[in-house]
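K.L.:
Using the sequences and the hints, build the whole thing.
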Amino acid sequence: MKFSIILFLFLFSGIGFCQTQRIEKYYFGKSGINTIISQPSGETIVVSTFNSRPSLIKKIAEQVFAYYMSHLADWQEKTTFTVDDAVVSGTFTVKRSEKLTAIDFFYEKVEWKNGLTEIYDPSKK
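At position 45 of the sequence shown the residue is numbered 45 (my numbering), and the sequence of numbers has no breaks.
Calculated from the structure, these hints are not laboratory results.
Accuracy of the hints is not assured; some may be wrong.
[Said to hold, decoys possible] Here are the computed lysine-lysine pairs in the DSS-like style, where the Cα-Cα straight-line distance is at most 27 angstroms:
| no. | residue 1 | residue 2 |
| --- | --- | --- |
| 1 | K78 | K59 |
| 2 | K59 | K109 |
| 3 | K95 | K58 |
| 4 | K58 | K78 |
| 5 | K58 | K99 |
| 6 | K95 | K30 |
| 7 | K109 | K25 |
| 8 | K59 | K95 |
| 9 | K99 | K78 |
| 10 | K109 | K95 |
| 11 | K109 | K58 |
| 12 | K58 | K25 |
| 13 | K78 | K95 |
| 14 | K30 | K58 |
| 15 | K59 | K25 |
[What the hints assert, rightly or not] FRET-style restraints, in silico, Cβ to Cβ:
| no. | residue 1 | residue 2 | range |
| --- | --- | --- | --- |
| 16 | D84 | I119 | 15 to 23 angstroms |
| 17 | E77 | Y27 | 20 to 28 angstroms |
| 18 | I23 | S97 | 32 to 40 angstroms |
For each residue, glycine too, the CB sits at the ideal point set by N, CA and C.
P.N.:
Next up, the structure:
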């Protein structure tokens, strides 16, 4: 009887401890141009994401462009974007050359709603 009580307590205490956040590194993400926008003024805007997770590429590219349009400046900063099932952190950069604007977003960390956190690690490339 004591053995079954101890086993019961051991199993249920393990369930409580296994609910912690998991952190995994990923080494190969998708990189490339996601969107090219031609403005009526003749300006061309190119939105690129680097080291991205395949399921998030389109949604994050749309948010990166919206973020740029709300600020309209040349800069580099760390920022966070939230989509349906994840929170993505990374570096946002804007570069301009006459009528061409390049907007780049480099993924650094993806926090999924299921508790998994993925961190990009370029060391294995």
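K.L.:
Check each numbered hint against the structure and report the violated ones by number, ascending.
P.N.:
The structure breaks none of the hints.
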